Amino acid sequence: MNQTKLWLEERLGVGKAFKAIFLRHIPIGVNWWYSLGSAALFIFILQVVTGTLLAMNYVPSPDHAYDSIRYIMSEVTSGWFIRGLHHWGATAMVAIVILHLISVFVMGAHHYPREAIWLFGVGLLLVTVGFGFTGYLLPWDQKAYWATTVGTNMIGTVPGVGPALLQLVRGGADVGAVTLTRFYAMHVMLFPVTITLLAAVHFVLVLYHGVSVSPGLWHKGVPGSETDAGVGAKETYQERYASFKAKGPYFWPDLIAEDLRVALVLFLILVGLSVLVGVPLDDRADPTDTAYIPRPEWYFMGLFELLKYFPGAVEWVGVVLVPSLLVVLLLATPWLSRGTERRPLKRPLGMAVLSVVLAGSVFLTVRAYQTTPPSVVAEHGVVLTSQQLRGRQLIQQVGCRSCHFINGDGDTKKGPPLDGINQRLTAADVHLFMENPKQLNPVASMKPLIPALTHEDVEAITQYLLTLDEEAIQQ
Amino acid sequence: MPDPHAIDEEEGNADAENSQHGGVSRRIFLSYLSMAISGFIGVIAGIPIVGYLVSPLSKQEVARWITLGKASDFKGPEPKFVTFSLTRRDGWTEVQDSRACWVIPQDNTTYVVFNGKCTHLGCAYSWRTTGEHTDKFFCPCHDGVYDRQGTVLDGPPPRPLDRLETKVENDQLMVLFQDFRLGSPAKEPL
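Residue numbers (the numbering used here), protein chains in the order written: chain V, -2 to 472; chain D, 61 to 250.
FYI, nobody ran anything at the bench for these hints, they're computed from the structure. Take these hints with a grain of salt, some might be off.
Have a look at the derived ranges for each label pair, beta carbon to beta carbon [claimed, not checked]:
#1 D:Thr189 <-> V:Ile470: 54 to 62 Å
#2 D:Ser98 <-> V:Arg8: 20 to 28 Å
#3 V:Ile99 <-> D:Lys119: 43 to 51 Å
#4 D:Ala184 <-> V:Ala161: 49 to 57 Å
#5 D:Gly182 <-> V:Thr285: 41 to 49 Å
#6 D:Ala246 <-> V:Val45: 53 to 61 Å
#7 D:Lys119 <-> V:Ala174: 41 to 49 Å
#8 D:Trp125 <-> V:Ala52: 36 to 44 Å
#9 V:Leu429 <-> D:Ala184: 50 to 58 Å
#10 V:Thr409 <-> D:Thr170: 53 to 61 Å
#11 V:Gln0 <-> D:Arg223: 38 to 46 Å
#12 D:Ser98 <-> V:Thr1: 22 to 30 Å
If we take Cβ atoms under 7 Å as the criterion, some of the chain V residues that face chain D in the derived model are [said to hold, decoys possible]:
#13 Asp64
#14 Tyr68
#15 Thr74
#16 Phe78
#17 Asp251
On a predicted model such as this, the values are computed, not experimentally measured, just so you know. Ideal Cβ positions, reconstructed from N, Cα and C, are used throughout, including at glycine.
Could you build the full structure based on these sequences and the hints that come with them?
This is how it looks when you write it as structure tokens:
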């Protein structure tokens, strides 16, 4: 054993590398709030694993994308769970990266000598958003199709080059097969490579410069020898930083145990969301559906709302100018905010700018949700009630279409088609059948929906099914 | 000026810290805690991941009755080659697979039907009417030879040709079509 260890050590130097990376002091005062970066890394790893698994059963083509997702959700063992983790992981990743950025800015951790870490971090944020934008087209459901149609149309409003850009992004005039393969290629090839390279540099730089000391402590000095000597001077920075490190805990296992505790909490939240809330899968994308109300993911809702304030010819201001200015502002932050003061309360200008940007984003996002019309969806001339809408959604979640043909889509062989069921059965019978199929048909192979669903759910599905008029659908 | 990026070489530092607390040191506790958390996440995520990966194992092909043609058309001593297509679910799509059988009429009412795959590695074999293997089934991949009853005469096939269950209904010859594990002495349905 020792021989093997020695042989490996001499050749690979794992022990030395481990020592150099993990057995190092970190400054005093570091706590769980410093785990946001590692939390983002944890979720990224989770996304790589779940994404690879999803790709094994996914086809990026309009003909098959939706069916392959449905296959993952209903037939592949724990496919619904893997997709749940990937879906909620994406949301968590965006949220954590934004939180990480805000935290770093508030703590003035982007100051000398960590400016480059900040810049690579901004790059990571942009790629993360790119992942989100390209990722939610892939299921090829209504939300995917329409949100991408609107999202890409925004690019087309740029004066001059807009139409050409739009054509380039979509790979054609409309969102279609080529758009899907493009987005897929970016989502699974370009972005993963880019984010890995950026994250590697980001991480190595964090190792090189060390974790920043919390602003309050930094200005006060190491407990016992409080002094503000050299707080702002570059010449004495290293000496001062070293004094904080000398008394601090170790990266391994002290900080890593902290990181992992945060990762565990996050993981449990993601598992909880995947199991309890699940992942929505809308109806199959239908470019002719005029009743669908497209809304993007939450992190694009603010931008979506912004467009309402810049109508017509100046639309590009909201679409391109404001977001671009925000990115420029982020990239320029190390130069705009580079005083020697790191404590947030003593940086009123910086905090004011941050507050304005945050308040604006929150306001726009909240407004966007408030002004989303109640999802009144008209199908074949019937305006659905909220109960019927719930039923429509449940049919997606339960995966009724793996056996039944419903509203012009689904399996045509395994179970009876349900369009036009209002001609054959009463509401009470439909409900009763789903509750316990054998009661009405002793040879029925369908499993009872109760207790997996409540009676309320079953009634919602019943009410939706009864709206499906066969003739109207066939038109 | 001390080098801020110097590696902490002195393990003594850590030991000194450990001894202050007594019992299991804080650092050892934390490293076990870290491993426990990683292990927990690994297991909770790992079980569904393994399930997902091995999901194809839970899919079994079912034997289906296939109509080969009019029973009275299968006459005479010569084995007859019949091809047909099978609709099979392949993931989220349905595909048409073409398959083949050899029908050997026994008398006017009974038939022996073999799956068209050589039991060695699944190549298509054929009935020879000329040459070295006249009146024998011959598989060109690795020179497997079977007689009219499907018994192996020569070559690498590990078992006789796979005989399928047959029935005649309304003068239609039907066969319970099934594929079997290749290259094994035992005839195990897939």
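Here's how the hints hold up against the structure:
1. D:Thr189 <-> V:Ile470: 54 to 62 Å: holds (57 Å)
2. D:Ser98 <-> V:Arg8: 20 to 28 Å: holds (26 Å)
3. V:Ile99 <-> D:Lys119: 43 to 51 Å: holds (48 Å)
4. D:Ala184 <-> V:Ala161: 49 to 57 Å: holds (54 Å)
5. D:Gly182 <-> V:Thr285: 41 to 49 Å: holds (46 Å)
6. D:Ala246 <-> V:Val45: 53 to 61 Å: violated (42 Å)
7. D:Lys119 <-> V:Ala174: 41 to 49 Å: violated (29 Å)
8. D:Trp125 <-> V:Ala52: 36 to 44 Å: holds (38 Å)
9. V:Leu429 <-> D:Ala184: 50 to 58 Å: About 53 Å separates the Cβ atoms of Leu429 of chain V and Ala184 of chain D, which means 50 to 58 Å holds.
10. V:Thr409 <-> D:Thr170: 53 to 61 Å: Given about 38 Å between the Cβ atoms, the range is violated.
11. V:Gln0 <-> D:Arg223: 38 to 46 Å: Check failed, 59 Å falls outside 38 to 46 Å.
12. D:Ser98 <-> V:Thr1: 22 to 30 Å: Since Ser98 of chain D and Thr1 of chain V have Cβ atoms about 24 Å apart, the given range 22 to 30 Å holds.
13. Asp64: holds (4 Å)
14. Tyr68: Constraint on Tyr68 of chain V satisfied, holds at 4 Å.
15. Thr74: holds (4 Å)
16. Phe78: holds (5 Å)
17. Asp251: Interface hint status for Asp251 of chain V: holds (6 Å vs cutoff 7 Å).
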